[in-house]
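*Asks:* For reference, the chains in residue letters:
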Amino acid sequence: MFDTRAMATGHARNLAVELDEQADSATRRAELRLVGERVMPMALAREQTLPVLGPLVPLFPEGALRRGSIVGIRGSGATSLAMAVAAGPSTSGAWTAVVGDPDLGLGAVGELGVALERLLIVRPEPGNWSLALAALVGAVDVVIAAPRHRISDTDARRMAARLRERGSVLIHIGDRWPVGADVQLDIAAGEWEGLGDGHGVLRSRRLDIQGGGRGSASRPRQLEVLVPGPGGAVAALAA
Amino acid sequence: MSAPVRTLVAWCPDWPVVATGVDLAEPVAVVYANRIVAASPGARAQGVARGMRRRAAQGRCATLALHERDEAREARLFEPVVAALDDITPRVEVIRPGTCALVMRGPSRYFGGDAAVADLVHERLAEIVAERTDVRVGVADGPFAAELAARAANPTRLVPSGEVAGFLAPMKVDVLERPELVDVLRRLGVRTLGAFADLPASDVLARFGSDGLGAHRLACGRDERPPDARRPPVDWTVSDEIDPPADRVDRVAFLARTLADELHRRLGRDGVTCVRVGIEAETEHGEQLLRFWRHEGTLSDAAVADRVRWQLDGWLNGSAASRPSGGITRLALIPDELIAAKGRQLGFWGGETEVDQRAIRVAARLQGQLGADAVLVPEREGGRHPDSQLRLVPAATVELTGRSLDPEPDTAPWPGVLPAPSPTRVLTEPISIEVLDECNRAVVVTGRGLLSASPFVLAARGKRIEVRHWAGPWPIDERWWDPEAHTRQARLQVVTVDGRAHLIALAGGAWAITAQWD
Numbered sequence: 042m043f044d045t046r047a048m049a050t051g052h053a054r055n056l057a058v059e060l061d062e063q064a065d066s067a068t069r070r071a072e073l074r075l076v077g078e079r080v081m082p083m084a085l086a087r088e089q090t091l092p093v094l095g096p097l098v099p100l101f102p103e104g105a106l107r108r109g110s111i112v113g114i115r116g117s118g119a120t121s122l123a124m125a126v127a128a129g130p131s132t133s134g135a136w137t138a139v140v141g142d143p144d145l146g147l148g149a150v151g152e153l154g155v156a157l158e159r160l161l162i163v164r165p166e167p168g169n170w171s172l173a174l175a176a177l178v179g180a181v182d183v184v185i186a187a188p189r190h191r192i193s194d195t196d197a198r199r200m201a202a203r204l205r206e207r208g209s210v211l212i213h214i215g216d217r218w219p220v221g222a223d224v225q226l227d228i229a230a231g232e233w234e235g236l237g238d239g240h241g242v243l244r245s246r247r248l249d250i251q252g253g254g255r256g257s258a259s260r261p262r263q264l265e266v267l268v269p270g271p272g273g274a275v276a277a278l279a280a
Numbered sequence: 005m006s007a008p009v010r011t012l013v014a015w016c017p018d019w020p021v022v023a024t025g026v027d028l029a030e031p032v033a034v035v036y037a038n039r040i041v042a043a044s045p046g047a048r049a050q051g052v053a054r055g056m057r058r059r060a061a062q063g064r065c066a067t068l069a070l071h072e073r074d075e076a077r078e079a080r081l082f083e084p085v086v087a088a089l090d091d092i093t094p095r096v097e098v099i100r101p102g103t104c105a106l107v108m109r110g111p112s113r114y115f116g117g118d119a120a121v122a123d124l125v126h127e128r129l130a131e132i133v134a135e136r137t138d139v140r141v142g143v144a145d146g147p148f149a150a151e152l153a154a155r156a157a158n159p160t161r162l163v164p165s166g167e168v169a170g171f172l173a174p175m176k177v178d179v180l181e182r183p184e185l186v187d188v189l190r191r192l193g194v195r196t197l198g199a200f201a202d203l204p205a206s207d208v209l210a211r212f213g214s215d216g217l218g219a220h221r222l223a224c225g226r227d228e229r230p231p232d233a234r235r236p237p238v239d240w241t242v243s244d245e246i247d248p249p250a251d252r253v254d255r256v257a258f259l260a261r262t263l264a265d266e267l268h269r270r271l272g273r274d275g276v277t278c279v280r281v282g283i284e285a286e287t288e289h290g291e292q293l294l295r296f297w298r299h300e301g302t303l304s305d306a307a308v309a310d311r312v313r314w315q316l317d318g319w320l321n322g323s324a325a326s327r328p329s330g331g332i333t334r335l336a337l338i339p340d341e342l343i344a345a346k347g348r349q350l351g352f353w354g355g356e357t358e359v360d361q362r363a364i365r366v367a368a369r370l371q372g373q374l375g376a377d378a379v380l381v382p383e384r385e386g387g388r389h390p391d392s393q394l395r396l397v398p399a400a401t402v403e404l405t406g407r408s409l410d411p412e413p414d415t416a417p418w419p420g421v422l423p424a425p426s427p428t429r430v431l432t433e434p435i436s437i438e439v440l441d442e443c444n445r446a447v448v449v450t451g452r453g454l455l456s457a458s459p460f461v462l463a464a465r466g467k468r469i470e471v472r473h474w475a476g477p478w479p480i481d482e483r484w485w486d487p488e489a490h491t492r493q494a495r496l497q498v499v500t501v502d503g504r505a506h507l508i509a510l511a512g513g514a515w516a517i518t519a520q521w522d
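As they're listed, the protein sequences go chains A and B.
By the numbering used here, the letter at position 96 of the first sequence is numbered 137, and the numbering carries on one by one without gaps.
By the numbering used here, the letter at position 321 of the second sequence is numbered 325, and the numbering carries on one by one without gaps.
Hints should not be assumed to be uniformly reliable.
[As the list claims (entries may be wrong)] Per the computed footprint, the stretches of chain B lying under chain A, defined by three or more beta-carbons under 8 Å from a beta-carbon of chain A, are:
hint	region
1	370-377
2	422-428
[What the hints assert, rightly or not] Partial selection, computed: residues in chain A whose CB lies under 10 Å from chain B:
hint	residue
3	P102
4	N169
5	H240
6	P261
7	L264
8	E265
Rather than coming from a laboratory, the hints here were simulated on the basis of the structure.
By construction, the Cβ of each residue, glycine as well, lies at the ideal position given by its N, Cα and C atoms.
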């Protein structure tokens, strides 16, 4: 007797759940998709992403760095922004390599959030550039290149293919890279705050960033963000 | 439960230092990855200890002579020492250069007891290393206890069979050579091997995993792993012919790498690993050379290849009496005493991960291709300038795993450091500029550290750019005690009308841009 009642209530509850499910099928489907993404096999390198820091999420169509992609950064403030983009993967355990920037200020790199204990600085002769890049791609998750000379078309195309195959992200600073980037970030304007006439100290810089690129990244995006913010790290603008 | 195999360990103290060929009374130390790995008695007397940083050691002892570690040389010089034991037993095993082990069962019966063998080994080795260092010999159940007995020996020490646990009990847990485990044990109040051995094995397994259990078995005076009664069904030996016969090490080195790769692949496929690996070489005149090296599943394929190279170096470049009469025609790697591979659990937080390994490998590879100075990593040090807080050092000179570059929490900031954000570009070659005021007069800093006028324009190479905002000057007066290194500077932060920020400095009457924020 007790048993049947228990079964009956159980059945009723199942029905109620089913009805609920139909009602919020949209949200359920969204949740399922989320679960689907989480259990997706690792082999799909294209779908794999590396996280970026919260304030920079609107700059990327997937909200993260897609493995195998090329990010181009141009304009005054490009070095800071490149380090800020690399900081996301770096804080989650990835290694970062910087190729060919003899004057890089390491203090700033650390303040922007790149883990210095997982940072390699590689300074090849101009003739060894592609060799160094090819070795780093695949072994290091984020490679930042600041070429002082023009990279040849063939080298750039070969590098793009290698990136797609190995799943690293290449961030290049400046406009010496011949092939278009998957995600292109152009710094339209930068405004320092904190310095007056004979008083104060540099505190933060507001960057106006225009995003473009190819595929899903071609939709224009615009973001104002503090790079660096107070204390040296990236910060969102106070609302 | 069977007792571990009765083992003799012979230990030459300070072997890395001995291998450098210097007088041990002098203060000498051997460094690897910026840390002291061995110090001579002369250096130890002045407070230099293993594990110390290079600079700290130099601070203790100013006359300290430092040598980079050269494991190949250590191994080469150790080979004649091991070879002297070959007629006592054919199975001498090199644990590492400076330490070797032999199984006692046969020799003990032949020479009439453990004590007789220990004395004989000591006598033989002392003759060879005479005047360079001394030799300590320990005999106990199992290589772990035997090595500790050797370290406690003067000059020989015999731990009677079955009394190993009592011998180990008062020793500190540090001797387990597992820094992470030892750290936790110490904080739990477990300071001696005896106290560790008293813990129930099941609890140790639950808390510290199979590696912890291995350590616990050692502390109890047993083998690290229970003996495996399985007969190996397959012969895992890998070998290859060398044609034409090789008489130089570099010609065999490449093959060594391939064989080591192959060995690890085969063992890995069957889920086993070996306690020791035998390196066997055959010469064109039919001589057979064989030497065992300790492996215990902890050596990578590269490490095995290194040992093969060292061993060949020892044979081919040894004394004329022991050198083979012809070139090497065949090289074989023989895994000995197979055990199940438990796998080495990598740390979830910290420790070396796959990602780290890949990055470290590529760093090593690029150093080979581009030169050691082309691959750099940051290291923290003190200083007031943007470029002196962190310094770049060649990646080869530091240990890349498990580093932390966070500033130590209790260190006070350097007075005079400009606050964050730091400049992203620290110019190795500062750009000379002129700083002018509104009336085109040069701006100077007075003796009291004040500007003569507000900066209005920066001028360099005919170009002029107006200053929008500025702050400073922040003076620094460094190393005033040293007339050579003394510098006085006044620094300004400047934002120009194009929105760029610069750090400019006045030193010796000339202005220059020293750093920029890009």
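*Asks:* Does each hint fit the structure? Answer for all of them.
*Replies:* Outcome of the hint check:
{"no.": "1", "hint": "370-377", "result": "holds (count 4)"}
{"no.": "2", "hint": "422-428", "result": "holds (count 7)"}
{"no.": "3", "hint": "P102", "result": "violated, 25 Å"}
{"no.": "4", "hint": "N169", "result": "holds, 6 Å"}
{"no.": "5", "hint": "H240", "result": "holds, 6 Å"}
{"no.": "6", "hint": "P261", "result": "violated, 23 Å"}
{"no.": "7", "hint": "L264", "result": "violated, 18 Å"}
{"no.": "8", "hint": "E265", "result": "violated, 14 Å"}
Violation of the numbered hints given earlier is confined to hints 3, 6, 7 and 8; the remaining hints are satisfied by the structure.
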